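Novice: Chains A and B supply the protein sequences, listed in that same order.
Each number in the working numbering comes from the position in the first sequence (counting from 1) with 629 added on.
Each number in the working numbering comes from the position in the second sequence (counting from 1) with 629 added on.
If you're looking for bench data, these hints aren't it; they were derived computationally from the structure.
For clarity, every value in this text was computed on a predicted model and none was experimentally measured.
Check each hint, because a few of them may be wrong.
Identical copies carry no separate label here, and so any pair may be met within one copy or between two of them.
[Claimed, not checked] Each computed DMTMM-like pair below joins lysine to aspartate or glutamate, with the alpha-carbon atoms no more than 25 Å apart:
hint : residue 1 : residue 2
1    : Lys1189   : Glu1264
2    : Lys881    : Asp807
3    : Lys1132   : Asp1030
4    : Lys961    : Asp1282
5    : Lys738    : Glu695
6    : Lys1044   : Glu695
There are 2 protein chains.
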Amino acid sequence: MKIKKVKYIKTLQAALLLLLMSSLHAQEHPSLILTKQGVKEIRSQLGKVPLFDASLVETKAEVDAEIALGIIIPLPKGFSGGSAHERHKNNYQVLEKAGVLYQLLGDEKYGIYVRDMLLGYAKMYPTLPLHPEKISYARGKLFWQALNDANWLVYASQAYDCVYDFISPANRSIIEKDLFRPFADFISVGSPQFFNRVHNHSTWGNVAVGMIGIVLRDNQLIDRALYGLKEDGLAAGMKDNDGGFVKKEGQKAGFLANLDEPFSPDGYYTEGAYYQRYAMYPFLTFAQALQNNKPDLKIFDYKNKVLLKSVYALLNLTKTNGEFFPLNDAQKGMSYYSNELVSAVDIAYLYAGKDPSLLTIAKQQGRVQLNNSGMAVALGIKNNLEKPFVKKSIDLSDGSDGKQGGVAIIRSKMKEDELTLVLKYASQGLSHGHYDKLSFSFYNNSTDVLQDYGLSRFVNIEQKGGGNYLKENASWAKQTIAHNTVVQNETSHFGGNFETGSKFASEKYLYDVSNPKVQIISANENNAYPGTTIQRTMALIAQDGFEKPFLLDIIQLDSKTVNQFDLPFYYLGQLMSTNFAYETPNNLETLGKANGYQHLWKAGTAILTVDNAKVSWLNEGSFYTLTSITQPNDEFFFVRIGANDPNFNLRNDPGFIFRKKNVQKATFVSVLETHGNYSPVSEVALNSYSCIANLKIIYEDANYIGIQIKSISGVETVFILSTENNKSNQKHHLIIDSKTYEWTGPYYK
Amino acid sequence: MKIKKVKYIKTLQAALLLLLMSSLHAQEHPSLILTKQGVKEIRSQLGKVPLFDASLVETKAEVDAEIALGIIIPLPKGFSGGSAHERHKNNYQVLEKAGVLYQLLGDEKYGIYVRDMLLGYAKMYPTLPLHPEKISYARGKLFWQALNDANWLVYASQAYDCVYDFISPANRSIIEKDLFRPFADFISVGSPQFFNRVHNHSTWGNVAVGMIGIVLRDNQLIDRALYGLKEDGLAAGMKDNDGGFVKKEGQKAGFLANLDEPFSPDGYYTEGAYYQRYAMYPFLTFAQALQNNKPDLKIFDYKNKVLLKSVYALLNLTKTNGEFFPLNDAQKGMSYYSNELVSAVDIAYLYAGKDPSLLTIAKQQGRVQLNNSGMAVALGIKNNLEKPFVKKSIDLSDGSDGKQGGVAIIRSKMKEDELTLVLKYASQGLSHGHYDKLSFSFYNNSTDVLQDYGLSRFVNIEQKGGGNYLKENASWAKQTIAHNTVVQNETSHFGGNFETGSKFASEKYLYDVSNPKVQIISANENNAYPGTTIQRTMALIAQDGFEKPFLLDIIQLDSKTVNQFDLPFYYLGQLMSTNFAYETPNNLETLGKANGYQHLWKAGTAILTVDNAKVSWLNEGSFYTLTSITQPNDEFFFVRIGANDPNFNLRNDPGFIFRKKNVQKATFVSVLETHGNYSPVSEVALNSYSCIANLKIIYEDANYIGIQIKSISGVETVFILSTENNKSNQKHHLIIDSKTYEWTGPYYK
């Protein structure tokens, strides 16, 4: 990679910045995250605040073990999961912790450790070429990608700040000249395609440069961090190795641009919760540093407090057990127990008015940051201030202006049990986006009922493609058929084309959770398949005669051409029964040839002749039944993921698909019931059958659709949606089967 | 079914019994499980013993809700999981509880409830024909099988005993004449094929008759229960609908015969833990009743205290979390949290010298029986008497004489982590046995590493074949290929023939756990394939240079003919890597046509050319690597369960198979390493690679096999087994590669 020389043009903006810089608050060390005054306060509380003390003991044990092991700085080599990568990663984490321990405990050994480690890196760094692994669009020197180098600098800056006064001026000079300055330059001016983006990568890059800039009192670096490189020589339309845009026409860069653009006004980060979690640490840590050093910037108030809102958005984007909904590229299992969220919750607590509900999350996390925000939280818990963190239904807008669709989370809680619907009608989500407009996932407490597959990658597991994205991520996980949404003619939304997908977002039609017994989200997607309009409406309805709320799903498709439409449901667990016959083949073939279909085994097939097709299954002690309205000659497939997977990278999870062929208009209607339970210890099966006697479309025209649900116990539910007029004060009048329905607003129930 | 008239011949034995009967201890009610004196003691403790009180509150809430619901006695219909079946089942459970509450709380409403329920049954019972479902070899009247009728009577007898004094003599006369007496006769003299077996079914039948016999002071019934029907008219060789023997030549019957025969001297029950658990309730409850009423019988001392030993055997047959190893037909997930084990632990505590380690189990169970044994346990816990229940390595013999092979459990515990090997070298295990000689399963704490599939049945889930055994139980779950053991020529052990299998057991060759770092089980099987001898030796070895103990597996096969040998390993989780190339097919075909092979999809194939084949996988946060010694042209298959499964009854779990073709002698050697960990929250993969550089057979002849394991860090382990001489004092001398090995006993390490 060629290191580009960039000339700095003194713009008006920069001049303004320099003015601001002059007010750089603290001129002492530490001042970045820990402050001199803060350390004094923390020291006075040591031994008195259980959660803080416990976190301190844990950290001390970890760092002491590392000190006993000795400093190891291997030559850079290999991918994540490999020993050199993991050692450098471990080093920066321990560096930061040792720095903090030096401040809090005043023990020289931690100062010595940080100093010697930094001197070690300072000795090696000037000798380093680009990292030998060549697949990244922005290679690092310590790591295979500049991203990890930036991670290193974010942590090492904090360590250096803590131990600054301990290190002799001569050694400081070595460390700054041979390590920090060239490091910061390399990941910024030396890697503009990495640094000057709107992306979680560049956020890390910006913050790394900004953090060391503050420690070094270098306004130029801080300027670079906040506003990006003034000139980067990058061509608009350039893409990275994941297929994401490096530069879009007219795009701003730097930390503030990374706050402006990917965050919606609601605090939703367009890449999805998994990457939002990843970016939280640099975003909030740098914000804390800016607050300590440039309080005039009022960074926590920026964009109507979007940073703090983003913490709440993330906490809401979780299952009952705190695991994030796996929207877009997301490794399942990641949760608010991650270090990034410990830090985020602590910082949000301190800077967002000490919301006592955050203490409940912190208490679950069981540890705090070793700084003033962590102490504030630990004190709050010590003083029993916590209140429940209640996750309510929430509609999170996407897009910097909040107008690029969104993600609706609808929750229904009965006693201890919670059902959660997540409907995604967002924008593409940058390079980590999936082609899954109007897809949904559904959860029974923390159990995936109808799952989102997540990504195809084993993060940091070297055996699996160096821990990087696997090719099945593009060929399967990103494809539309991998999601619980409609596929037209076996092709993905936007033809699976990233540029096209990035131009559009779905549009909200209706989000109404004012009645806790009928919570609705409805959205339109008119661009995924040109010439075809899709409206999906999902309602979580609590109804007498049903043990738990059921999920009503209505999809109306209208196309200018004749198409095949597939609607998959990826369940988990064991099939219990169907109310129709199906065939299972002697040999398994794939369902199709491309666009993800090549990864599906066709495990069973049926031509449906029933009015209502029922599929029941058992998963983790609960029964589920999906009842669907079907038309004669609708096709049905049982599928299993895992075909054309030569390295067994995919999970072999099951699903089933409803198919309508040769249609211009099509309507899919189904109801998912969550019912009963089974324990292998008691061996008792309770309420193991569906309560639905009949599901029927009783009305459908250009303006309305009416659904009738008859329960076995005789309860009749009618749900009517006004499909073209969503005004809340609109009066409607409709006669169905000689019965008159009159109501105000977009739906009748 | 014809009710057979049986004449009672007064034998010497019966005369003796009548003598014993005269000593029938208590002549008052209650006397069966609760006693008048016992009730007095319990009442004096109410409100003072937390665990007992909590169990009482829970039971009261349940019974009160049932009383509020009212008595429902439906006409018998349908299988388990169906509403009539479940209602009758619920009724007998509530009956027993209501009886106990009547005694403990003295509230008439419980007496009224029991009385009225029994009168209701007494009204219906005389009108009942055989149950309409016809598939059982021994149909009941209330339920589809007499087994469930017997369940009913075991519980109802206890209820009647508790409420006996409350019910008027006139009503007692109705209940006894129209219900209990004909009921007891029907399941005994009316169902000899059910009553006169050695089987968990007949145990229930015997106990039901014995319990009501004690309540009614009817020595004839008690005689029948203890010793079976003197004449039953059954033909030797007759089988039930599961294919199990009803009668073998010369077989004794009755409760004592059911204690004599299926229990080994170590307390292992030949059907396996799952059915042992099921039988525990009648065995121990009736024992308690006999102890209360016929203490001279000293039933708890019978066969060297086998009943009490059986409780310990069961507690040892569990994973770390208390779930039973799924030997033979066994539904996974069943555990010592079941009601049967609550009762078993309580009774064992009271009658086996108040072993404080049982209190630890009882505390985990979190509830006790509402009788004197439960009170004893609750008092022990209240007084903090409990000591840890330590599960050690244990070798449980099978067979009434302990000479029908056995089940070895080898455990290795490091800090909080426990690895467990279960090697089965037992007898057939009656009708619930599987054809799986020398099969094993392996556990990392409670995670199945190499699994035993268990049964193919969804117990009490009506949608799945009425909750009964599914046909895949015979075609898959019982077959040899479904287990981690050797298959010759794609046929199951004993040709899958139950009669043949029932004649043989494997023979223990060596069980030695004296050195906690080298724990060994070795057994021979010479009858599964006539003309072929199999010796399998498994050792759990803790070795420097390895994070955790590894499992060494040596199988030596010697045949008179040329054969194909398959050795499957059923892992769970995600494949990480192999050190050899393999092909994956475009379409999936089955691995074979019959004997379980028709249920396996062939997901990948390889012809091996490496000396050591390595397969690594990740499951629930741990890595595993199996390293196998292979010879040129050995074949390898990745398989997945689920072919020819038209109702999706099977779990689609993965496995891999090593195949050696056209060989007379064959040796399979492999080492399973449990290593490292991965968390999706920290995203750190630790120690994710195998430590083995090379695995080699360094010596093999008719008397010895020597294995060398070289670790990557340079540690060399040599293990030598004397394969024909297992004497512990035998001296051995062997030269391998010019190095002399001298040792005493069957193995060198």
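Novice: I want to check one pair: Lys738 and Glu695. Are their C-alpha atoms no more than 25 Å apart within a copy, between two copies, both, or neither?
Specialist: within (12 Å within a copy, 69 Å between copies)
Novice: Checking an output row: Lys1189 and Glu1264, CA cutoff 25 Å. Within, between, both or neither?
Specialist: within (22 Å within a copy, 55 Å between copies)
Novice: 25 Å Cα cut-off: does Lys1044 pair with Glu695 within a copy, between copies, both or neither?
Specialist: between (47 Å within a copy, 22 Å between copies)
Novice: Indicate which option fits the pair Lys881, Asp807 if close means a Cα-Cα distance not exceeding 25 Å: within, between, both or neither.
Specialist: Close neither inside one copy (31 Å) nor across copies (90 Å); limit 25 Å.
Novice: For Lys1132 and Asp1030, with the copy left unspecified, which applies at a CA distance of at most 25 Å: within, between, both, or neither?
Specialist: within (15 Å within a copy, 78 Å between copies)
Novice: Cα distance capped at 25 Å. Does Lys961 pair with Asp1282 within a copy, between copies, both, or neither?
Specialist: Both: 14 Å inside a chain and 20 Å across chains, each within 25 Å.
Taken one by one, the earlier hints fail for this structure only at number 2.
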